[in-house]
Amino acid sequence: DAKTTQPTSMDCAEGRAANLPCNHSTISGNEYVYWYRQIHSQGPQYIIHGLKNNETNEMASLIITEDRKSSTLILPHATLRDTAVYYCIVSAYTGANSKLTFGKGITLSVRP
Amino acid sequence: DVKVTQSSRYLVKRTGEKVFLECVQDMDHENMFWYRQDPGLGLRLIYFSYDVKMKEKGDIPEGYSVSREKKERFSLILESASTNQTSMYLCASSLWGDMSNQPQHFGDGTRLSIL
Numbered sequence: 005d006a007k008t009t010q011p012t013s014m015d016c017a018e019g020r021a022a023n024l025p026c027n028h029s030t031i032s033g034n035e036y037v038y039w040y041r042q043i044h045s046q047g048p049q050y051i052i053h054g055l056k057n058n059e060t061n062e063m064a065s066l067i068i069t070e071d072r073k074s075s076t077l078i079l080p081h082a083t084l085r086d087t088a089v090y091y092c093i094v095s096a097y098t099g100a101n102s103k104l105t106f107g108k109g110i111t112l113s114v115r116p
Numbered sequence: 041d042v043k044v045t046q047s048s049r050y051l052v053k054r055t056g057e058k059v060f061l062e063c064v065q066d067m068d069h070e071n072m073f074w075y076r077q078d079p080g081l082g083l084r085l086i087y088f089s090y091d092v093k094m095k096e097k098g099d100i101p102e103g104y105s106v107s108r109e110k111k112e113r114f115s116l117i118l119e120s121a122s123t124n125q126t127s128m129y130l131c132a133s134s135l136w137g138d139m140s141n142q143p144q145h146f147g148d149g150t151r152l153s154i155l
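Chains A and B are the protein sequences, given in the same order. FYI, the numbering for the first sequence is 5 to 116, going by my numbering. FYI, the numbering for the second sequence is 41 to 155, going by my numbering.
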């Protein structure tokens, strides 16, 4: 699986958009970009994923660059409950090797 | 919404005990997974199952076994618990099909302490 690089931490003001960057310069053509988050003492929560087109759901938007070497997760109106560790994962599921490799992630702190 | 339920949030057991961790999902998912999460090591896959009675080893299966007798239930068994198995255990499930395009959905975890 391709590796990802994320900043260690960032913060944003409540109500503003939070833009979380991720670099995955070695991504290959069949690998998807996934975003999960983990709030303290809870299990990881799936947010969104995509291959090469931008994606949007009720939680967030995912913007993938044309060369697919980086992506940005956008939380359009951050709330205090969005404070969490956010993981960017690049993975191609291959049957017996189907697994998610979580790195250190980025800690997002939403301030009042 | 997908619901993955783990039987206990916190569990304390003694060295040498046989420990059962239970996981149930309500979305008719074919795939189920067991991970452990430790500080600095991220999530590591212990076992997964893609069908009833089927199982595959993950990265760290030693000291563990699993059971999948029904589609919705996946059990992790610590045959003889040891202190180095103190960890957060996470269960996940996903649909079959194009597995690269199927997100995994997690339970809230069981924090297991072995004394």
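These aren't lab readings, by the way, just hints derived from the structure by calculation. Accuracy of the hints is not assured; some may be wrong.
[As the list claims (entries may be wrong)] Listed below are the simulated DSSO-like cross-link pairs for lysine-lysine, each with C-alpha atoms no more than 27 angstroms apart in a straight line:
hint: 1; chain 1: B; residue 1: K43; chain 2: B; residue 2: K111
hint: 2; chain 1: B; residue 1: K97; chain 2: A; residue 2: K7
hint: 3; chain 1: B; residue 1: K43; chain 2: A; residue 2: K108
hint: 4; chain 1: B; residue 1: K110; chain 2: B; residue 2: K43
hint: 5; chain 1: B; residue 1: K110; chain 2: B; residue 2: K93
hint: 6; chain 1: B; residue 1: K111; chain 2: B; residue 2: K95
hint: 7; chain 1: A; residue 1: K108; chain 2: B; residue 2: K93
hint: 8; chain 1: A; residue 1: K56; chain 2: A; residue 2: K108
hint: 9; chain 1: B; residue 1: K58; chain 2: B; residue 2: K111
Report task. Determine which of the earlier numbered hints do not hold for this structure and return their numbers in increasing order. Result -> Failing hint: just 7.
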